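Based on the sequences and whatever the hints tell you, model everything.
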Amino acid sequence: MSFELFGEKGGSILSVVNNLKIAVASSIFLPSLKLKFDEDQEKLALKDKKSEFRLIEPNAIVKYLGSISNNNTKSFFQKSSLIEYEESEIYSSLVNNNFENINFSKINIDKVDSKSVEQIILFSSLYPFVSKLNENEQPLWFKEFSKIPEVSQNIALITSTIKVERLKDVN
Amino acid sequence: MADLVAPLKALSLKDVEKADLSSEFAELSSEELALESQWLTLSKRLPESLVEFNDNLRNKTYLLGNKASIADVKVFVKVLPILTGKNYSVEELAQFRHVFRWADLIQNSLITIPDDMKLKLNYDVEIPREVK
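Just so you know, the sequences run in chain order A and B.
Sequential numbering from 10 applies to the first sequence in our numbering.
Sequential numbering from 97 applies to the second sequence in our numbering.
These aren't lab readings, by the way, just hints derived from the structure by calculation.
Check before you lean on any hint, since a few could be wrong.
Pair ranges (Cβ atoms, derived) [to be verified]:
| id | chain 1 | residue 1 | chain 2 | residue 2 | range |
| --- | --- | --- | --- | --- | --- |
| 1 | B | Glu222 | A | Asp122 | 43 to 49 Å |
| 2 | A | Leu142 | B | Lys163 | 21 to 27 Å |
| 3 | B | Ser185 | A | Asp122 | 47 to 53 Å |
In silico DSBU-like pairs for lysine-lysine, Cα to Cα no more than 35 Å straight-line [stated by the list, open to error]:
| id | chain 1 | residue 1 | chain 2 | residue 2 |
| --- | --- | --- | --- | --- |
| 4 | A | Lys45 | B | Lys182 |
| 5 | B | Lys214 | A | Lys58 |
| 6 | B | Lys170 | A | Lys156 |
| 7 | B | Lys214 | A | Lys152 |
| 8 | A | Lys124 | A | Lys43 |
| 9 | A | Lys45 | B | Lys174 |
| 10 | B | Lys182 | A | Lys43 |
| 11 | A | Lys45 | A | Lys115 |
| 12 | A | Lys52 | B | Lys182 |
| 13 | A | Lys83 | B | Lys170 |
| 14 | A | Lys18 | B | Lys140 |
| 15 | A | Lys83 | B | Lys182 |
| 16 | A | Lys56 | B | Lys156 |
| 17 | A | Lys172 | B | Lys140 |
| 18 | B | Lys110 | A | Lys58 |
| 19 | B | Lys163 | A | Lys45 |
| 20 | B | Lys170 | A | Lys56 |
| 21 | A | Lys45 | B | Lys216 |
| 22 | B | Lys163 | A | Lys83 |
| 23 | A | Lys83 | B | Lys174 |
| 24 | B | Lys110 | B | Lys174 |
| 25 | B | Lys170 | A | Lys58 |
| 26 | A | Lys59 | B | Lys156 |
| 27 | B | Lys163 | A | Lys88 |
| 28 | A | Lys52 | B | Lys174 |
| 29 | A | Lys115 | B | Lys216 |
| 30 | A | Lys52 | B | Lys156 |
| 31 | B | Lys156 | A | Lys124 |
| 32 | A | Lys59 | B | Lys214 |
| 33 | A | Lys58 | B | Lys182 |
| 34 | A | Lys124 | B | Lys182 |
| 35 | B | Lys110 | A | Lys88 |
| 36 | B | Lys214 | A | Lys124 |
| 37 | A | Lys52 | B | Lys170 |
| 38 | A | Lys18 | B | Lys110 |
| 39 | A | Lys18 | B | Lys214 |
| 40 | B | Lys182 | A | Lys59 |
Keep in mind the model is a prediction, meaning the values are calculated, not measured.
In this text, a Cβ means the ideal position worked out from N, Cα and C, and glycines have one as well.
What follows is the structure, given as structure tokens:
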């Protein structure tokens, strides 16, 4: 493999989410690929050293790592209503630091699956919000997913690397 | 290439949004599917993501490389309303020169658009050379 994976620096909640997505995906799908934080690389990216192939969007990176770890299976790129929801409503909540509009009834996941790109993407996006809830308020799926070793290790790595700048609370 | 482009010429912008265009283009590899996924996601974040689109198109004819794909059509539909209806300064044209070039190519090759909805570019404007 000739890939390099760079995390994004910066102190936003979105930086935590984006780094968590690609860190968990690389640990699960391609453990030899380690997330790096480089002085010369400010933005998140997956780069192939042997070609010009480069991805800069975290959900696309998660899907691609899933696909190449499974003989280039194309099902990882299928349309998903959960990812659509993540890319619209949850993304907007993260950008605006306002999680009031997140509708958990739309996130219906019965069984924890560490190799599901949907679950990696959703868990990472919900992490800044749900991790602050009391344990009895957290969805069961979220609590179980956070116990997967590749997930818990990367939560510790990312939260110790990215210091989130304090934002004004939205009234 | 002409075979791939011909069916799309009959489609209006509304048809493009509704139609299943996957059969009109060559099947994509995993790398191309990842790039398609990336650009479709970033097209939901316009106009902020125009910078990323412009950087990508700096050394590519189409979004995924040197061949047209369904991603060009889907993203164009979202980019067109962002680009039209404005008088751009030379600085703005220079900043997003590759997006303008790409959009002009798509509206003149892959999709038929009514004249009043087209992105209108003044080809005589002298844009300063790009500093790479």
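A quick look at each hint next to the structure:
1. B:Glu222 to A:Asp122: 43 to 49 Å: At 56 Å between Cβs, range violated.
2. A:Leu142 to B:Lys163: 21 to 27 Å: violated (47 Å)
3. B:Ser185 to A:Asp122: 47 to 53 Å: holds (51 Å)
4. A:Lys45 to B:Lys182: violated (41 Å)
5. B:Lys214 to A:Lys58: Measuring from Cα to Cα gives roughly 39 Å; hence the hint is violated.
6. B:Lys170 to A:Lys156: violated (39 Å)
7. B:Lys214 to A:Lys152: Given pair lysine 214 of chain B, lysine 152 of chain A is violated - Cα atoms ~51 Å apart, limit 35 Å.
8. A:Lys124 to A:Lys43: Roughly 18 Å separates the two Cα atoms, so the pair holds.
9. A:Lys45 to B:Lys174: holds (34 Å)
10. B:Lys182 to A:Lys43: violated (45 Å)
11. A:Lys45 to A:Lys115: holds (34 Å)
12. A:Lys52 to B:Lys182: It holds: about 30 Å lies between the C-alpha atoms, which stays within 35 Å.
13. A:Lys83 to B:Lys170: holds (19 Å)
14. A:Lys18 to B:Lys140: holds (23 Å)
15. A:Lys83 to B:Lys182: Violated: lysine 83 of chain A and lysine 182 of chain B sit about 40 Å apart, past 35 Å.
16. A:Lys56 to B:Lys156: Roughly 17 Å separates the two Cα atoms, so the pair holds.
17. A:Lys172 to B:Lys140: Holds, because 27 Å separates the two Cα atoms, which is no more than 35 Å.
18. B:Lys110 to A:Lys58: violated (41 Å)
19. B:Lys163 to A:Lys45: Holds, at roughly 32 Å.
20. B:Lys170 to A:Lys56: Satisfied, since the Cα-Cα distance of roughly 25 Å is no more than 35 Å.
21. A:Lys45 to B:Lys216: Distance ~44 Å between lysine 45 of chain A and lysine 216 of chain B Cα, so the pair is violated.
22. B:Lys163 to A:Lys83: Since the Cα atoms of lysine 163 of chain B and lysine 83 of chain A sit roughly 20 Å apart, the hinted pair holds (cutoff 35 Å).
23. A:Lys83 to B:Lys174: holds (25 Å)
24. B:Lys110 to B:Lys174: holds (12 Å)
25. B:Lys170 to A:Lys58: It holds: about 29 Å lies between the C-alpha atoms, which stays within 35 Å.
26. A:Lys59 to B:Lys156: holds (18 Å)
27. B:Lys163 to A:Lys88: holds (23 Å)
28. A:Lys52 to B:Lys174: holds (24 Å)
29. A:Lys115 to B:Lys216: Violated - the C-alpha atoms of lysine 216 of chain B and lysine 115 of chain A are around 42 Å apart, more than 35 Å.
30. A:Lys52 to B:Lys156: Roughly 21 Å separates the two Cα atoms, so the pair holds.
31. B:Lys156 to A:Lys124: holds (33 Å)
32. A:Lys59 to B:Lys214: violated (39 Å)
33. A:Lys58 to B:Lys182: Violated, at roughly 40 Å.
34. A:Lys124 to B:Lys182: Distance of about 46 Å is beyond 35 Å: violated.
35. B:Lys110 to A:Lys88: The given pair, whose Cα atoms are some 21 Å apart, holds under the 35 Å limit.
36. B:Lys214 to A:Lys124: The hint is violated at about 44 Å.
37. A:Lys52 to B:Lys170: holds (26 Å)
38. A:Lys18 to B:Lys110: violated (40 Å)
39. A:Lys18 to B:Lys214: violated (39 Å)
40. B:Lys182 to A:Lys59: Outside the cut-off at roughly 41 Å; violated.
This entry does not satisfy hints 1, 2, 4, 5, 6, 7, 10, 15, 18, 21, 29, 32, 33, 34, 36, 38, 39 and 40, going by the numbered hints stated previously.
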